[in-house]
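Enquirer: Heads up: the protein sequence lines correspond to chains A and B, in order. Adding 3 to a residue's 1-based position in the first sequence gives its number in my numbering. Adding 71 to a residue's 1-based position in the second sequence gives its number in my numbering.
Accuracy of the hints is not assured; some may be wrong.
[Claimed, not checked] Cross-link-like lysine to aspartate or glutamate pairs, in silico, DMTMM-like; alpha carbons within 25 Å at most:
no. : chain 1 : residue 1 : chain 2 : residue 2
1   : B       : 85        : A       : 13
2   : A       : 90        : B       : 137
3   : A       : 126       : A       : 197
4   : A       : 86        : B       : 82
5   : A       : 86        : B       : 124
6   : A       : 90        : B       : 97
7   : B       : 166       : A       : 215
8   : B       : 166       : A       : 13
Hints listed in this document are in silico derivations from the structure and should not be mistaken for laboratory results.
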Amino acid sequence: EEFEAEVFGERLFTYPMRGPFCETMIYRDTNAFKAWWKKLQIKYYSVLSSDNAFIACQYFTVRGLRTLNGKIVQHQLAQYYMKHPNKEAAPIPSAISYYHFMDESFHFNSSTIIGLDVINSLKEPTMFERMIANMTIAGCQRDHYNFSSVLRGIFWHEPALLRTVYKLLRSPVFSMSHPDAMYMMQQCFTKENEGVHMSFDTHQTALKSYREYVSDLNYVTKANREMRIMGTQTLSKHMAANRRAFARFEKKQMDLLPIITGPKPRLQLEGDLG
Amino acid sequence: MDNHSVFFTDESFKAVSLPKGANLSEHLSVNNSPLLFGCRTGICGTCMIEVSEELNGKLDAPASDERELLSLMAPGNPRARLACQIRLSADIRVKPLSWK
Chain A
4 EEFEAEVFGE RLFTYPMRGP FCETMIYRDT NAFKAWWKKL QIKYYSVLSS
54 DNAFIACQYF TVRGLRTLNG KIVQHQLAQY YMKHPNKEAA PIPSAISYYH
104 FMDESFHFNS STIIGLDVIN SLKEPTMFER MIANMTIAGC QRDHYNFSSV
154 LRGIFWHEPA LLRTVYKLLR SPVFSMSHPD AMYMMQQCFT KENEGVHMSF
204 DTHQTALKSY REYVSDLNYV TKANREMRIM GTQTLSKHMA ANRRAFARFE
254 KKQMDLLPII TGPKPRLQLE GDLG
Chain B
72 MDNHSVFFTD ESFKAVSLPK GANLSEHLSV NNSPLLFGCR TGICGTCMIE
122 VSEELNGKLD APASDERELL SLMAPGNPRA RLACQIRLSA DIRVKPLSWK
C-alpha cells in the first residue's frame, strides 16, 4: 500500500482488508447481482461447513485446487532466490517470492491431507453433501475459467483489468500519453501475441492438473472430474471477449476526455506496420 | 553437457531428455509426463513415483526428510521416491505411485 501511494498516488492492485465472506478473485467477471449472490453462497457455505465434517473437509479439496495452480507460478518465481549464489545479497522481493512459495507448500500439504485423505475416514456423503461439494468445485472452475497475460497464472478476467492497466501506463512510472497507452493496450490485449499464448498454456496446464488432483474422489461428478466448465475456455473466446471489452473501454475513454486531435501514436512496436 | 533421459512406464508419454543434475519438478509437468507435482518441496507426496530402472548412472539416495515421508507413504518400497527431490544423475524409468 505504501509503495502504491508513493509511486502511483493511489491504490492500483491493492485493496482495503476485506471480510471473510468476500470473493478472493479481485478482477473478475461480475456485476452487482453476481457479487451479492456469491457473498450469500459463501456465507451459507461457511455455516454449513462449520457443522458438517464432510463439507469442512471438502473445503480443503477446493483449497488444494486453488493452491495447485498457485504452485505452478510460485515455483518459477522462487527460482531466482533458490539458485542465487549469495542469498544474503539477493533482492528482498525475490526472497519474499521464495518464502511465499514455501508457505504455500504447507497450505497445499494440509489441503491435500484433509481434502484427499482424511475425507476417506468419514462416512459416505449424503446426496445433499455431494451436491454442495460438487457445486463448490464447479464454482472454483468458474473462478478459474479466465486467464490473463497481465499476471500469468493469476486467472483474472482481463476486461476487468483495463482501467487499472490504463492507470498504470499513464502513471509517472511509464508516463504514457493517452494515445500511446491505448495503443499499447490494444497490442497487448486484442492481438494474439507470445504473452497471450504463454498465459493460455499456463491455464491449460492448471486445467490438466486439476483433473488429475480430483481423479480419485468418488463423490466428484463426471463433469467436474473432467473440469468441463474450465475446459470450455479457448484462446479465441478470450480474444473475442477482450476485443469487445476494449472497444467499450476505448469509447468510454473518448467520451471522458476532451477531443484528442493529436498525432498518431508515436509508439511503434517492432514489426508493426502501423 | 551430459544428458539423461526420463522414461515413463506409461508409453503414451515420450521420454524426456534433461541435463545431468536437472530437478525433475522444473522440467516435468502434466503436459509432458504422467506426473502431477504439488508442493514441489518434498512434503506433500503428490509427486511420489516408483523408479523401476536406473541406467547409465545412479540416483543419489534420498535425504533424511524424504526418507521419513516415504516411510509413511510407501512403507517397505525401496523404489519409491519423491520426483521433486530427484536431481537427475541416471537414465530412469518411472511411474506415478499413489499414497491414497
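Enquirer: So, against the hints stated earlier in the document, which numbers end up violated here?
Expert: 1, 3, 4, 5, 8
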